[in-house]
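K.L.:
Read off the chains here:
Number of protein chains: 2
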Amino acid sequence: MSDVRRGFQRPLIIDALQIPTPERRWFEEWKAGGVGCVHITLAIWENATETQSYIGKYRRVLLENADLVELATSAADIERIAASGRTAVVFGFQNTAPVEHDIELFGAFRDLGVCIMQLTYNLQNYIGCGYWEAKDTGVSSRFGKTAIEEMNRVGILIDLSHCGERTTLDAIEMSARPVSITHANPREFVGSPTFGANRLKTTEAIKALAARKGVIGLSPNRNMVRGGAAIKPEDFVDMVAWTVDQIGIDAVGMGTDYCPGHPPSIRTWWRYARWSREKAPAEQMKIAPHEGWQSWFSSPAHFQNIVDALSKRYSADDVAKLMGGNWLRMFREGFVPAAAAKPAGSKPAAAAS
Amino acid sequence: MSDVRRGFQRPLIIDALQIPTPERRWFEEWKAGGVGCVHITLAIWENATETQSYIGKYRRVLLENADLVELATSAADIERIAASGRTAVVFGFQNTAPVEHDIELFGAFRDLGVCIMQLTYNLQNYIGCGYWEAKDTGVSSRFGKTAIEEMNRVGILIDLSHCGERTTLDAIEMSARPVSITHANPREFVGSPTFGANRLKTTEAIKALAARKGVIGLSPNRNMVRGGAAIKPEDFVDMVAWTVDQIGIDAVGMGTDYCPGHPPSIRTWWRYARWSREKAPAEQMKIAPHEGWQSWFSSPAHFQNIVDALSKRYSADDVAKLMGGNWLRMFREGFVPAAAAKPAGSKPAAAAS
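Protein chains in written order, with numbering that gives the first Met the number 0: chain S, 0 to 352; chain H, 0 to 352.
In case anyone wonders, no lab produced these hints; they're calculated from the structure.
Heads up, some of the hints might be wrong.
Covered stretches of chain H, as calculated for chain S (at least 3 residues, CB under 8 Å) [what the hints assert, rightly or not]:
| no. | stretch |
| --- | --- |
| 1 | 120-128 |
| 2 | 133-144 |
| 3 | 237-246 |
| 4 | 322-330 |
Ideal Cβ placement from N, Cα and C applies to all residues, glycine included.
Full structure from sequences and hints, please.
P.N.:
Structure follows, in structure tokens:
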């Protein structure tokens, strides 16, 4: 596809959330789709040691596939790697479980390349609450305050995708640096999605996010779009446009939640891990997480279909912001340790185009 | 001292909370005080592996001092060991951190002899909130409900000593089996103690505890008594009597919070562990945790002074309940796995005398 597009000004494509197994076939999909950068999840419920081991494994696999991928820990890395025709990989966690309420582990994981962390996955933890708790008690704990300050300090971008409403609003307010929602759609636009409206974000939350210069990554995933599996590219663009109308062209990006390579039983792990003996519902266990996407986006190899659909409604500059420029701006600021960061209140870097 | 008392009906003495280092000298104090059983803390902030290692160490040290001590995992063990003139040791945690939100680890630790667990130490965790959080959000999480059910099932007695007020009340209500407060004094009686009134228990909480057949362990520790270090035996008895007047003679026991053998710096670990880089206040760091007790209770070797003081106000049967009988009743029920337990609503075993 890159040959076909040669001569056109192609936007940098950043997908702000995938959970691929460490296998070359997914890196080849990125290549086919011209994807310049993917933020991948390395831990959800795993503890420090398990996570450290998996990071070691993933780093090795990236090195073994250096013709396609390279670990990135800065916006400069991302630009350089994407310019080489390969995909920059950003490491992240969807939970702070690997930190085990140890303040030093934020910096230690950052040193291993982890640049993004979700405060909590679906449940209450030492920091706040996930969307799946009946009551979201917000970020009121001592460790919650400490953790946010530490992530700000070491240059770990905070992610609030699975957090509950109160925890999301509290964290946006408490963080000294802009925060992210890497993969969630707007609740008001989507209505009642497959796996519970609480997983999606209120208009109040995304407005607060954007007011603090954050970005939300939208997904065409059948489980959180209006119309489910029947969604068409123009329907996805409608959702993008609705969100842009609410919070502006600088606050919206892509975050597919594409999770290839896992057996269906991974759903039980993601949902119940070791904290319960329940299993994911039988109807969810019939289908692997990366199956059942729409024909026009059955994998990231089809990212150009989103570019094309957006290009019918937006200028090239705006498409570039939506496809990756906004994330690149956030990553440029968010991945820098505080000691090296520009003074608070300094002007954001210009969005990449 | 046991020789001096020979011929008298001596009450079984159970101290429901100490944190001794694994050293023979503390077991000798128990012997000198005629202490039949001590519940000791093996973990506060440690993770599963660290805790497993420390359990291994403590079990070895108990075996090496089998002339003085033996691990107990049932009321029958306690009675047998105490009758032999030695001290029964009950293992417990002051936090669920070692469980690492892994439901199977409750049973695994129970199999290693851990019969008592505090839901949370001073902070918010996956289950509830400690007294030191500005906001106690109670037990509203999915794991909180699951954890309480699992502790009930495997025969781990729930301890609420350091929990916040809302978490204490919620857990009393949610647990199918009676719960405990192993070491805390009544807030209304003590007034404003050294380290914050929230550490002590409201009258509402202890009444709810007693209504569900729970027991609270009281302490003469200078940090949580009226009068501080100047407290006399009769002052301690006043507090016992006030509590008995509120919740009855069957709901009160001893829980000294005696913590010998640790350097002063342990206070920083207990308070801040790894979740913060702060240190305990300098004035607390001047004195080791087991120093500074009153002359009449400078160690558990002086437990007979409490027996003598209580005997001036209470009958021998009531003294026996207060000194250990109530705890023995709780342990008899609480340490039994649910499969082996009597049907819910069965009559409690008679208090030992």
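K.L.:
Cut-off 8 Å, C-beta pairs, minimum 3 residues; does the coverage of the stretch 237-246 of chain H by chain S stand?
P.N.:
violated (count 0)
K.L.:
Between the stretch 322-330 of chain H and chain S, see if three or more residues pass the 8 Å beta-carbon test, and mark the coverage as holds or violated.
P.N.:
violated (count 0)
K.L.:
Mind checking, does the stretch 133-144 of chain H have 3 or more residues with a CB under 8 Å from chain S?
P.N.:
holds (count 8)
K.L.:
Please check whether the stretch 120-128 of chain H has three or more residues whose CB lies within less than 8 Å of a CB on chain S.
P.N.:
With 5 residues closer than 8 Å to chain S, the stretch 120-128 of chain H meets the three-residue bar; holds.
Violation of the numbered hints given earlier is confined to hints 3, 4; the remaining hints are satisfied by the structure.
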